[in-house]
Amino acid sequence: QQQVKQSPQSLIVQKGGISIINCAYENTAFDYFPWYQQFPGKGPALLIAIRPDVSEKKEGRFTISFNKSAKQFSLHIMDSQPGDSATYFCAADQGGSEKLVFGKGTKLTVNP
Amino acid sequence: DAGVTQSPTHLIKTRGQQVTLRCSPKSGHDTVSWYQQALGQGPQFIFQYYEEEERQRGNFPDRFSGHQFPNYSSELNVNALLLGDSALYLCASRRQASYEQYFGPGTRLTVT
Numbered sequence: 001q002q003q004v005k006q007s008p009q010s011l012i013v014q015k016g017g018i019s020i021i022n023c024a025y026e027n028t029a030f031d032y033f034p035w036y037q038q039f040p041g042k043g044p045a046l047l048i049a050i051r052p053d054v055s056e057k058k059e060g061r062f063t064i065s066f067n068k069s070a071k072q073f074s075l076h077i078m079d080s081q082p083g084d085s086a087t088y089f090c091a092a093d094q095g096g097s098e099k100l101v102f103g104k105g106t107k108l109t110v111n112p
Numbered sequence: 001d002a003g004v005t006q007s008p009t010h011l012i013k014t015r016g017q018q019v020t021l022r023c024s025p026k027s028g029h030d031t032v033s034w035y036q037q038a039l040g041q042g043p044q045f046i047f048q049y050y051e052e053e054e055r056q057r058g059n060f061p062d063r064f065s066g067h068q069f070p071n072y073s074s075e076l077n078v079n080a081l082l083l084g085d086s087a088l089y090l091c092a093s094r095r096q097a098s099y100e101q102y103f104g105p106g107t108r109l110t111v112t
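For the record, the sequence lines run as chains A and H. At position 15 of the first sequence (counting the first as 1) the number is 15 in my numbering, and the numbers step up by one without a gap. At position 90 of the second sequence (counting the first as 1) the number is 90 in my numbering, and the numbers step up by one without a gap.
In isolation and in its complexed conformation, chain A is listed as follows (with noise of 0.2 Å):
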C-alpha cells in the first residue's frame, strides 16, 4: 500500500518558468510533510517541510502548498533554474513514529 502518490513522475520546465509537484497522502495521522532534493549519485537534501496547522510556507523560492481537507500538498519552485534539476521527493511522517513514507519521486529537468 503506497501511503503516499507523489506526481508527476518527471517534469519539463524551461528556464524561470514554475514547477509545481504534487503528492497526496492516505494516513490522516501524518503531522509532517518534508520535501527532499535529490542529485545522481547524492543522498536527499531536506529542502523545506510544513506541519498540517498552516496552509502555506516559503523559503526563497520554494513554496509549500497544503491542503489538509484534501489531503494533497504540493511544492512549487519559483523561477526555475538548470542547477534545480534534480529528482524531487515529498514524504509524510508520524508524530511519535519519525519514520518518513516517500513518494516515488518526480525527476525535474530545467531548460536553459
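The set of hints was computed from the structure by calculation and includes no laboratory data. Keep in mind it's a predicted model, so treat the numbers as computed, not measured. Hints are supplied without guarantee of correctness; some may be wrong.
What the hints assert, rightly or not - Quick look at which bits of chain H chain A covers, simulated, 3 or more residues with Cβ under 8 Å:
1. 40–48
2. 93–100
Claimed, not checked - Below, in silico cross-link-like pairs of lysine-lysine (DSS-like), each with a Cα-Cα straight-line distance of 25 Å or less:
3. A/Lys5 to A/Lys107
4. A/Lys57 to A/Lys99
5. A/Lys71 to A/Lys57
6. A/Lys71 to A/Lys42
7. A/Lys42 to H/Lys26
8. A/Lys104 to A/Lys58
9. H/Lys13 to A/Lys99
10. A/Lys5 to A/Lys58
11. H/Lys13 to A/Lys107
To be verified - Counterexamples of contact, computed for chain H against chain A with all Cβ distances above 12 Å:
12. Lys13
13. Gly16
14. Phe64
15. His67
Virtual Cβ for every residue (Gly too), placed ideally from N, Cα, C.
Following the hints, position chain H against chain A.
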C-alpha cells in the same frame, strides 16, 4: 559542522555473503535511521536506533540488523545477501526532539 557521513561509498558483494555499512550522524544528533533506495524509487525505511536500541522497524526481514554505539554512530548489517539487496543504503540522523532528518551520501551496494 560535519554532516552525516557513511562508509564505504561503494561495495560489491556476492550472493550469500554478509556486509556491514557504517554511519556517523551529524554533530548533535542522537537518532539514526537507515533507508534502502532501489534505483528509480523513493527511500524505504529499514529501522531506527536511539539510545543504542532499535526503536522502530520497517518491513524488512531479519537478515537486516543494526547496531548503535555510545557515540551515536551506527552500523547496518545484511546477511545472506540476495541480488535484490542491490540498492543505495542511506543513513539519516536527527535530534530526538526534532522531526528534521538529514541524510548522508549513501553506500551503493551491488550484489552479483
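Checked hints:
1. 40–48: Coverage by chain A holds for the region 40–48 of chain H (7 residues, Cβ < 8 Å).
2. 93–100: Since 3 is at least three, the answer is holds.
3. A/Lys5 to A/Lys107: Distance of about 15 Å is within 25 Å: holds.
4. A/Lys57 to A/Lys99: Holds - the C-alpha atoms of A/Lys99 and A/Lys57 are around 22 Å apart, at most 25 Å.
5. A/Lys71 to A/Lys57: 16 Å, holds
6. A/Lys71 to A/Lys42: 30 Å, violated
7. A/Lys42 to H/Lys26: 16 Å, holds
8. A/Lys104 to A/Lys58: 23 Å, holds
9. H/Lys13 to A/Lys99: 28 Å, violated
10. A/Lys5 to A/Lys58: It holds: about 22 Å lies between the C-alpha atoms, which stays within 25 Å.
11. H/Lys13 to A/Lys107: Not satisfied, since the Cα-Cα distance of roughly 29 Å exceeds 25 Å.
12. Lys13: 19 Å, holds
13. Gly16: Non-interface label on H/Gly16 holds, nearest chain A Cβ at 28 Å vs cutoff 12 Å.
14. Phe64: 15 Å, holds
15. His67: Fine: 19 Å to the nearest Cβ keeps H/His67 off the interface.
The structure fails hints 6, 9, 11 (numbered hints given earlier, in ascending order).
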